[in-house]
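S.K.: Sequence:
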Amino acid sequence: MVEKRRDARGRVLRNGEIQMSDGRYRYKYTDTYGQSRYVYSWRLDKNDRMLAGKKREPSLREKEKQIAADLFDQIVPEGGRLTVAALVEKYVSLKTGVRPTTEAGYRTVLNLLRREEFGHRRIDKVRISDAKAWLIQLQKNGRGFSTIRTIRGILRPAFQMAVDDDLIRKNPFGFELATVIYNDSVTREALTRDQERKFLKFVQEDRHFKRYYDGIYILFHTGLRISEFTGLTKADIDFKNMKINVDHQLQRYVGVGYKVVEPKTESGIRQIPMTPEVSECFRRIIKSRAKPKKEPVIDGYAGFLFLDKDGHPMVAMHWEKYFQHICEKYNKIYKVQMPKVTPHVCRHTYCSRMAAARMNPKTLQYLMGHSDISVTLNTYTHLGFEEASEEVQRLLSGG
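First residue of the sequence shown? That's 11 in my numbering, and the numbers climb one at a time after it.
Keep in mind the hints are simulated off the structure, nothing from the lab. Ideal placement from N, C-alpha and C gives every residue a C-beta, glycine not left out. A hint or two may mislead.
[As the list claims (entries may be wrong)] Label-pair restraints from in silico Cβ distances:
no., residue 1, residue 2, range
1, A78, T106, 37 to 43 Å
2, G310, T40, 58 to 64 Å
3, T118, T40, 39 to 45 Å
4, R132, V271, 35 to 41 Å
5, H354, G63, 55 to 61 Å
[Stated by the list, open to error] The calculated lysine-lysine pairs, modelled on DSS-like cross-linking and capped at a C-alpha distance of 27 Å, are:
no., residue 1, residue 2
6, K350, K105
7, K253, K372
8, K100, K274
9, K269, K208
10, K64, K142
11, K319, K301
12, K75, K135
13, K180, K38
14, K211, K297
15, K38, K14
16, K274, K304
17, K135, K180
18, K211, K350
19, K244, K304
20, K274, K105
21, K211, K105
22, K331, K244
23, K73, K38
24, K350, K331
25, K253, K269
26, K244, K56
27, K211, K253
28, K350, K339
29, K319, K304
30, K220, K350
31, K142, K105
32, K208, K304
33, K208, K220
34, K297, K244
35, K14, K65
36, K65, K180
37, K220, K303
38, K331, K342
39, K319, K331
Using the sequences plus the hints, can you model the full thing?
M.R.: Here is the structure:
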């Protein structure tokens, strides 16, 4: 009869188990690829006391139990030895035909993971608590909520791919982000009518900034996205039917240059009615538009309304800087400060103004180019006492 193997404490060792000369336990097994694998632990059983000075880890038999379950479910051992960064790189390589902005986002996240210790961790070693702790640390290090949301927006589907490929059992990024980090994004509030009037008056009367008045007036009174606005060409302005045709956006990407892209959704393609005042603004813009030495043509589009000093089409960055400088100058002059005004604030102000005027939500959804009406309806939550009071009076009077 073959004598059973035992450890230093006289306990019977199972097949594949040995106790090494330094006291550590080892288990040998064969993975799904037929390769020999080894796992180690200073403890044989979960009830064994941890040795002083040694890092706490599962006992050998706890590891054996997990290995048996993984082999039964055909889970690839050790997560295929993929690191977090390698997993995301694999995920990104499968995403084709994406927008340049999306590609730039992928590169940013990959560069971050290659620098961070977290990116070099093996994917099967990442627990939910590890994922949460990393995102919390990113915020502590100064990363904003929207940036972290973008990072998590890539990691979650990448880890889900690993789950689907049987590399890991559970997606450690499957939690709701708002339950882990706080949203420190600045809420873009609509300007009051008085603020809008003062802002436009200041621009119109300022010797330097008055050249931007017509464009800013249009932004306040059409609800256009800034990339839709900068993408407008002379052919998009229909003076006869008093409408603006919106079916593309102008973007400029680092390392790529200018690109004309379609709206993200079909809802972005729309026709916006022009008021006589907006029409006059466009007429002045077209009349005063300098004729460039060479008309810029981007992806087949020409006749862009707004050109910079070099004859290139203006992009969102130009207008965001103009708004920033206008606010800075205004607030240096007046004691009553103007809140931060951006092109998106103009859009939000227009949307809020139409909601306050009780425009049909579906009509407003169309004008704003929202694909989801819940986005439009959320605008109604920004209405205050003044609008509520007017509505109550209207209903009581039977209007």
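S.K.: Against each hint, give a clear statement of whether it holds in the structure.
M.R.: These are the hints, each one checked on the structure:
no.: 1; hint: A78 to T106: 37 to 43 Å; in the structure: 39 Å, holds
no.: 2; hint: G310 to T40: 58 to 64 Å; in the structure: 60 Å, holds
no.: 3; hint: T118 to T40: 39 to 45 Å; in the structure: 41 Å, holds
no.: 4; hint: R132 to V271: 35 to 41 Å; in the structure: 38 Å, holds
no.: 5; hint: H354 to G63: 55 to 61 Å; in the structure: 57 Å, holds
no.: 6; hint: K350 to K105; in the structure: 37 Å, violated
no.: 7; hint: K253 to K372; in the structure: 19 Å, holds
no.: 8; hint: K100 to K274; in the structure: 25 Å, holds
no.: 9; hint: K269 to K208; in the structure: 35 Å, violated
no.: 10; hint: K64 to K142; in the structure: 26 Å, holds
no.: 11; hint: K319 to K301; in the structure: 11 Å, holds
no.: 12; hint: K75 to K135; in the structure: 16 Å, holds
no.: 13; hint: K180 to K38; in the structure: 25 Å, holds
no.: 14; hint: K211 to K297; in the structure: 22 Å, holds
no.: 15; hint: K38 to K14; in the structure: 17 Å, holds
no.: 16; hint: K274 to K304; in the structure: 30 Å, violated
no.: 17; hint: K135 to K180; in the structure: 11 Å, holds
no.: 18; hint: K211 to K350; in the structure: 16 Å, holds
no.: 19; hint: K244 to K304; in the structure: 16 Å, holds
no.: 20; hint: K274 to K105; in the structure: 17 Å, holds
no.: 21; hint: K211 to K105; in the structure: 48 Å, violated
no.: 22; hint: K331 to K244; in the structure: 24 Å, holds
no.: 23; hint: K73 to K38; in the structure: 11 Å, holds
no.: 24; hint: K350 to K331; in the structure: 12 Å, holds
no.: 25; hint: K253 to K269; in the structure: 24 Å, holds
no.: 26; hint: K244 to K56; in the structure: 75 Å, violated
no.: 27; hint: K211 to K253; in the structure: 25 Å, holds
no.: 28; hint: K350 to K339; in the structure: 12 Å, holds
no.: 29; hint: K319 to K304; in the structure: 13 Å, holds
no.: 30; hint: K220 to K350; in the structure: 19 Å, holds
no.: 31; hint: K142 to K105; in the structure: 26 Å, holds
no.: 32; hint: K208 to K304; in the structure: 38 Å, violated
no.: 33; hint: K208 to K220; in the structure: 14 Å, holds
no.: 34; hint: K297 to K244; in the structure: 11 Å, holds
no.: 35; hint: K14 to K65; in the structure: 30 Å, violated
no.: 36; hint: K65 to K180; in the structure: 25 Å, holds
no.: 37; hint: K220 to K303; in the structure: 25 Å, holds
no.: 38; hint: K331 to K342; in the structure: 17 Å, holds
no.: 39; hint: K319 to K331; in the structure: 15 Å, holds
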